[in-house]
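Protein sequence lines correspond, in order, to chains A and B.
Straight run, no breaks: the first sequence in my numbering ends on number 353.
Straight run, no breaks: the second sequence in my numbering ends on number 1080.
The hints are simulated quantities; they were obtained by calculation from the structure and are not laboratory data.
If you're wondering where the values come from, they're calculated on a predicted model, not measured in any experiment.
Careful: at least some of the hints might be erroneous.
Derived, one-sided and incomplete: chain B residues facing chain A with beta-carbon distance under 10 Å [what the hints assert, rightly or not]:
(1) I1014
(2) P1018
(3) N1030
(4) D1032
(5) D1035
(6) R1039
(7) I1040
(8) A1044
(9) V1054
(10) S1055
(11) G1056
(12) M1059
25 Å max Cα-Cα, derived DSS-like pairs, lysine-lysine [as the list claims (entries may be wrong)]:
(13) K1023/B - K1077/B
(14) K35/A - K1023/B
(15) K235/A - K1023/B
(16) K340/A - K151/A
(17) K1023/B - K1075/B
Each pair of labels, with its calculated beta carbon distance range [as the list claims (entries may be wrong)]:
(18) Q346/A - P1018/B: 51 to 59 Å
(19) D218/A - T1006/B: 21 to 29 Å
(20) G1024/B - A38/A: 26 to 34 Å
Heads up, the beta-carbon is just placed ideally off N, CA and C, and yes, glycines get one too.
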Amino acid sequence: MTLHSLSGVAVRAVTSAMPERRVVLDDFAELFGAKEVARIAKSTGIESIREAGSLNTSDLVIAACRHLLDQDGCAAQDIDGLIVVTQTPDSWVPGVGFLVQQALGLPQHCLILNVSAGCSGYVSALVQAGALISAGACKKVLLCTGDVTTKLLDGRDRHVKMLFGDAASATLLEAGEGTFEFLCGADGSGREALESDIAYSGEGDSHTRASIQRLHMDGTAVMNFALNRVPQTVKALLDATGLTPASLDLLVLHQANGFMLNYLRRMIGVAPEKMPVDIDDVGNTSSTSIPIVLSRHSAVGTAQAEHVVLCGFGAGLSWGALKLDLRRTLAVPPCYVPEKAAQVAQADERLEA
Amino acid sequence: MAVLETMRASIAEILTLPLDELKGDFRLENSDYWDSMARIGIVALVFESTGVTVSGEEMDRIVTVQDIFDLVTLKMKESA
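Whenever a hint applies, use it, and build me the whole structure from the sequences.
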């Protein structure tokens, strides 16, 4: 793997958005039995997840963006680049980015990129956003991630039902003094380890010509991939940038599950306080898991976030590790999004008031 | 082997079994907890102990606890 760098780029602010609806251990226990549910939760570190229900990916992404712009004060008109990473778009055509552009009132000259990527997507999209700014193509890029993965799950499979959750994030990047240093890789031969096929149908009169299949995960293959690739990639990035597990401030891995993260932490040799496991109350949220950690971590925006390494890994198979400085980044704690019926009721209440 | 003895406790924990019930001829299919999560646990345990990965096909061939020990022994020889 070759170290690459992008200079003149800064992460100005980051936040996340989660559905209000929580699915907790008692809910899972009704489906799968209390003893079994307790065993799974102990291993994964996930006692509750967030479920979108009637919300779509765009609802969560737009909520995250509005929350970010409200708290940061950046004007929507100043944003000239929008990247939306999702594997659960609202519609096949066009991409979620165009819904977001309209909802936020982003200018028509804004470059919009719709990216299909999973758990490594935040890191690869940071590279895309950083490249646009570093090259002078954009001044301010809004990077969004979001998924409603729970809609793709087999409800009878307790392992995936208790693992994945729904959420979105928004990250604002602009020109600055920072440098992104990163390593990325992919191995398409492992694409069947994590996949959701499309079944096209050319027959019949129905308007349905294709259906999206349940998310399939080969746990053994994914675990092997993570054990092999993640420590190797993180260590290579640390070596190439003159850091050590002791000298870095924060290592944020994709929040796959607590069991895997604890193994990876021991293999990398980093102290627990420098590598957060922040997955409870939301679940594995694919490309949104890293920005959720950043939005909830007290070190972001302080002197303790000078040497931060992010590492995403997952579907593809693909992986990427990126070092950046988050000392001047505004971390905005998550907002919580009510379901659509509740939103209408709240709007009615406001009107009546 | 010390590694195998250390692993016994971890395997018992993965299978939610008392350590003294973890015999070599214990058939994993008789455990309620021999599922995809337990398989991942074994994969991780072997990798941490030997630095070698276990494929899905190798996991499919595991029938008893002794098979796990045999696999670890084989992997340790491979990695030596």
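We went through each hint and held it up to the structure:
Among the interface hints, the one on I1014/B holds; its C-beta lies about 9 Å from the nearest C-beta in chain A, closer than the 10 Å criterion. Annotation: interface hint on P1018/B violated; nearest CB of chain A at approximately 15 Å, more than 10 Å. Using the Cβ-Cβ criterion of 10 Å, the hint placing N1030/B at the interface with chain A is not satisfied: the shortest such distance is roughly 17 Å. Interface restraint check for D1032/B: the shortest CB-CB distance to chain A comes to about 8 Å, inside 10 Å, so the restraint holds.
A cut of 10 Å between beta carbons decides the hint on D1035/B: the least distance to chain A is about 7 Å, and the hint holds. The criterion of a C-beta within 10 Å of any C-beta in chain A is met by R1039/B, whose closest approach is roughly 6 Å, and the hint holds. At its closest, the beta carbon of I1040/B sits 5 Å from a beta carbon of chain A; the interface hint therefore holds under the 10 Å criterion. Evaluation of the A1044/B hint against chain A yields a held restraint, the C-beta minimum of about 5 Å falling below 10 Å.
Hint on V1054/B holds. Least Cβ distance to chain A is approximately 7 Å, under the 10 Å limit. A hinted interface residue such as S1055/B counts as satisfied when its beta carbon comes closer than 10 Å to some beta carbon of chain A; here the least separation is about 8 Å, so the hint holds. The beta carbon of G1056/B comes within 5 Å of a beta carbon in chain A, closer than 10 Å, and the hint placing it at the interface holds. Look at M1059/B: its Cβ gets to within about 6 Å of chain A, closer than 10 Å, so that hint holds up.
This hinted pair checks out: K1023/B and K1077/B have alpha carbons roughly 23 Å apart, not beyond 25 Å. A C-alpha spacing of about 24 Å is found between K35/A and K1023/B, which places the hinted pair at or below 25 Å, so the restraint holds. For the suggested pair K235/A and K1023/B, the alpha carbons sit about 39 Å apart, so the restraint of at most 25 Å is broken. Between K340/A and K151/A the alpha-carbon distance is near 16 Å, which keeps this suggested pair within the 25 Å criterion.
With a CA separation close to 21 Å, the supplied pair K1023/B and K1075/B stays within the 25 Å bound. Here the CB-CB span from Q346/A to P1018/B is close to 53 Å, well matched to the stated 51 to 59 Å. Hint check: D218/A to T1006/B, Cβ distance near 28 Å, so the stated range 21 to 29 Å holds. At about 29 Å, the beta-carbon gap between G1024/B and A38/A stays in the expected band of 26 to 34 Å.
In summary, the numbered hints that this structure violates are 2, 3 and 15.
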